[in-house]
Every structure is written in C-alpha cells, then in structure tokens.
Amino acid sequence: MRARILWEVAGFLWSRGAPGPARRSLSSGSPQLEELFARGGPLRTFLERHAKSEVQLQARGPELAVVAKLLSEKELELRETEHLLHDENEDLRKLAENEITLCQKEITQLKHQIILLLVPSEETDENDLILEVTAGVGGQEAMLFTSEIFEMYQQYAAFKRWHFEPLEYFPSEIGGLRHASASIGGAEAYKHMKFEGGVHRVQRVPRTERQGRVHTSTTTVAILPQPAEIHLVINPKDLRIDTKRASGAGGQHVNTTDSAVRIVHLPTGVVSECQQERSQLKNREMAMKKLRAKLYSMHLEAAASKRYNARKIQIGTKGRSEKIRTYNFPQNRVTDHRINKSLHDLVTFMQGEYLLDALVQSLKEYADYESLVEVISKKV
Amino acid sequence: MPVQYILREWDFQGLNLKMAPPVFIPRPETEELVDWVLEEEAQRPCAAGTQGGPLILEVGCGSGAIALSLLSQLPQQSQVIAVDKEEAAICLTHENAQRLQLQDRIRIVPLDVTLGTLPRIFLGGGVLDTERWWTHLLPWGPMDLVVSNPPYVFHQDMEQLAPEICSYEDPAALDGGKEGMDVIIHILALVPQLLKGSGSVFLEVEPRHPGLVSSWLRSQPDLHLDLVAVRRDFCGRPRFLHIRRSGPQCGCPVGT
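The listed protein sequences derive, respectively, from chains A and B. Note that my numbering numbers the first sequence so that position 191 is 191, with each residue one more than the last. Note that my numbering numbers the second sequence so that position 70 is 70, with each residue one more than the last.
If you're looking for bench data, these hints aren't it; they were derived computationally from the structure. Watch out, some of these pointers could steer you wrong.
What the hints assert, rightly or not - Heads up, incomplete: computed chain A residues facing chain B, CB under 7 angstroms, no partners named:
#1 R245
#2 G248
#3 N255
#4 S279
#5 L281
Quick reminder that beta carbons are idealized off the backbone N, C-alpha and C, glycines included.
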C-alpha cells in the first residue's frame, strides 16, 4: 500500500513543472537536509552501499535504487551542462540556462523522493489526537497565556481544516485557562501537531502586573495520539467505572447533579476522569476517549523509546517537560529551542496560521533529517 | 431545592429541557433507556409503523424527556403519544415539545393509567362494567412501542428518600405502591389492548423488579407477555426491562 502511494507521489512529482513551495523550502529552508546530500557524505555512501547490496534493506529498496541512480545521472547532466554557460554562443548559453533550471528542479524532486522513501513513517501519523494544555509556573499570567495558546491551536486547526472539538475547559477567574483539552482530527493532524508537545514559555509584562516588570510563565502542552479502534482494543471487563451514583439504589431514588465519571483500567492502573458535561453518558464517552489515548501513548512509548533517545526533537512523554519554545513579547519574537529558529511578528504567529505552519514545517524537516541520519547510520 | 429547579433547565440526551417543580427531574440512568430503545429500533426491519417510523406510547411523560429524545433521534415519521396524570407534566411536556419544534409529532394526553377498573381479563372471568379509558388511545392505532419510567419506588422506601426529592418532586411520580409494582402492573395489563403483536415494551425499574415482574407475568398467562431481556445501567444495577408478547408474533392486538 505504501509503495503504491509513493509511486503515485513519484509520478506526480515527475509530471509537475515548477516545484511547489514545500519543495522550494527543501533546498533553501533546510540546510541540514541539503548537507546530507553532499558529495561523499554519509547519505551518498549509504545509497551506494545500498545499490551494491544484494540484500534488500527495506521494502522500498528497488524504488530507492532507481531514484538514487536517476539522481546521480541528473547531477552528472547538470555538471556537464554548466560548462556550456561559458560558451561563446549566446543561444547555446541561453539553452544551457534553461536546461540547468530544469535539471535543478528535477534534482530537487528526486532528493525529496529519496527522503520520502527513507524516512520511516510513524504508525501514528494518520491519527487524530488529543491536545491538552495546562497552565504551569506563573499563576494568573500563566493561565492567561494558556488560554491564548489554546486559542492559537484552535485557529490553527481551522486553518488546516481540521476538526476541533473541545473536551474539557477549566477557566480561571479573569478569563485565563487552568486546563483544557480538545480532540483534533483531520488529514495528517498528528503528523503536524506532534511537535507541539512540551513546555512553552512566555516572557512579557503580565496584564496583572502593576510595576511593568517582565515575567516568565509557562504552559505545558501535551499531544496524545488517538488510536483507531483496531490499534487498541480494551476489554470492558478490565474497566472499573466510578460515579457518584454508584452507591445506593440509584435511579428515581437519587437526584444528584454530580455527573463526574472516573474510569480505572484495572490491568495498568491508568485512571481517566471527566466531569465537564452535565450528562453522565457524555462524561463517560470523554473519559473513555482520554483513557484510550493514555493507554495508546504508553503502548507507543515502549516501542519508540529506543528510537528517539538521541534526538533533539522528542515526542511523547520524554519531551513533555522540555522547554521547547519561548514567546518573547517585548522582543516580538518566538524561538523554538530545538532547531534554534526564531520568527518575528509574535502577534501574527499567535493567530495560528501561516507563521505557525512555517515553524511546524521546519520542525518536521528537522525531524525528517534526524530520522534520515538514524537510517543511514545503521550498520548493515 | 434541586439545582434543576433553580436553573429551570437541565440536559437530557443532548437536549436542553425546561424543568419546573414538581414535575419529575429526569435521571441519568434514563438516558440509557432511550439508548436501548434506539438500538432495538435500529435493528428492526423497516416494517416499523405504518408510515416508516414507530408509533410510541409513553406512560408518565413528566417533562417529556423520553418522548422528545426519542423523537429527535428517530425518523421523521415517528410519533409519540405521551400520557401523564399530572396537569403540570402535561404543560411542561407541551412546552418542551414546542421549544424543540417537535409539537407536530407528539400528542400529549392527560390520562391516569391506574384509574378505572382493570380489564376483565385481569380479574379472571366475570364481565364487569370496565371503563375502557384506554380506548381513547386506540384511534391512533396499535403501538409499536410502549416506553415508560413509571413511579417504581417501593412505598415503604418513600420516606427514606433525600429531602431534595421528598420536598420538591411530585411523590406521585415516584411512589409505586407496594413493592413499587402498581403502575408497572397497570401498564403491562393494558399492553394486550394497545400493542402490536410484534411490538415491545421498555421499562425502567428498580433493581429488585426484574424478578418481581417475571413472577407476575408468569402468574398472568392470559396476558401472553414474556420478559425477554434485562439490561444493567452504568452502575451495574439491573435497571431496564424488555417485554414482548410470547408465542407467534401476530399482527393485531387482542381485543380489536
């Protein structure tokens, strides 16, 4: 299935003329990936080794060999055509220029294909996710910032045409947010949002500050992939559901508005609660959703912990307490510490549209780079 | 005072309903009764109702919670006849139906199912001057479903109810008489007159009722009714009963 999709992508890339913005940023916005393709570098060595090897290293082996060979040929063609740039004949020079531009485009596409073929896709990439935001250090100011972060992601979801459903919402007295969670779903939702998990730090003069001093506060963001039914099967017998109505006769005998539900997964001891809705049914549904996400997270952690150990971009519980980003209002700058990238125009960034998307793209490219490095450094 | 009466509204099955004392406040368990009915309806072949949606009788509609949540999740052609003996309940159900724009699909009838003598079949033989009050309902046709959350509290348990219930909610909506069976029995007794052969009765009851209802049905063989399923609520207590006619499922109710 994946091979078929890749071939379709390959075909699509071949037939398109100008590369789209994504591919343009591959060469200009991602120096690390470009570096990998340097002549004599580890990626080249890997591709040569792979071409010579009789054993298929991965399912996409044959395609990779073909694309790698094409890349070498195109690069040779490019070098040979470049000589013509110095030719006396003007027509020939113009022809050469055109040829070179075309060649460069094709080379970029081929490199992109190689990356697609080599970077392993995550089981979770197509999943929906649960977003959780929690105010950290900083009291009321932290809660105010948490509310702004939540809104930013809500707008980002709209921008990406994802489904955004708030599950829980615990506001503070002055319009801030203590804790909230939302279910986000849509094309590649998790693939994009997975880099947002961690501690976000804000530096600014709080609304509550009387003396104009700059404070630092934090918000913790957690991203939990939501498993599809088949990925995680929970036996109802393994669950204990606690509600306020559990004691006594229930039914007509009791009228209590406390519809809080608590679900305990007995084998693992994982607990999930929800008291957001008036309806016990709805609270149960939400608590189940959260439980599934938590259990799935645990299941993934076990598998992924080895892989992600050395990386800068940590996903999952390892990354949860890392300070990943600072939002500095006086300097109108947001910096992501993992890739050391700063973007200006913080107000526009917080609108959760193009600027946030651009940062997510950069993070994704860096994560691909780290993935790639791992793949090519593996001993055969 | 119960919160629902203070706020004058509460949610049920995703609908927001007006609440007014002393009309009975819907309990969360009852949401599962609605779910069960909807599940069963979804599984039936399309023969339900003459018009493509079931005709439902609800006994003791209160605020209209069950009737309206069923209507809002069933095909447009489904209809409900909702009866209650309390004037306030009739008014409140009417108001909620209008709020939800369902007034065209519900008929709200003041009716006390425990009044009038019981049909002769129940009294075992002699013909009596029975007030066949339920014939008011017959013109609408035999029902596909009878649904009810009848008063089912044992009379002897009434005084142990919490103050917010005793002092504010209509005791008649709670008190089921001796062993909480009075209204249940009256509903089951009228089923043969009103229910289609293929129809079903869904009741919410007290955890001790499944056994009691089962025994009672066995003691009334002429009713030809079977308790076919008991479902537990989310706290694990037996709470809901599904009753059907026993034997071959004939098309018409007895007595028409």
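Hint check results:
1. For the restraint placing R245 (chain A) at the interface with chain B, the shortest Cβ-Cβ distance is roughly 6 angstroms, inside the 7 angstroms limit, so the hint holds.
2. At its closest, the beta carbon of G248 (chain A) sits 9 angstroms from a beta carbon of chain B; the interface hint therefore is violated under the 7 angstroms criterion.
3. Proximity of N255 (chain A) to chain B holds as hinted, the smallest CB-CB distance being about 5 angstroms (cut-off 7 angstroms).
4. Because the smallest distance between the Cβ of S279 (chain A) and any Cβ of chain B comes to about 6 angstroms, under 7 angstroms, the interface hint for this residue holds.
5. Interface hint status for L281 (chain A): upheld, as the beta-carbon distance to the closest one in chain B is roughly 5 angstroms, under 7 angstroms.
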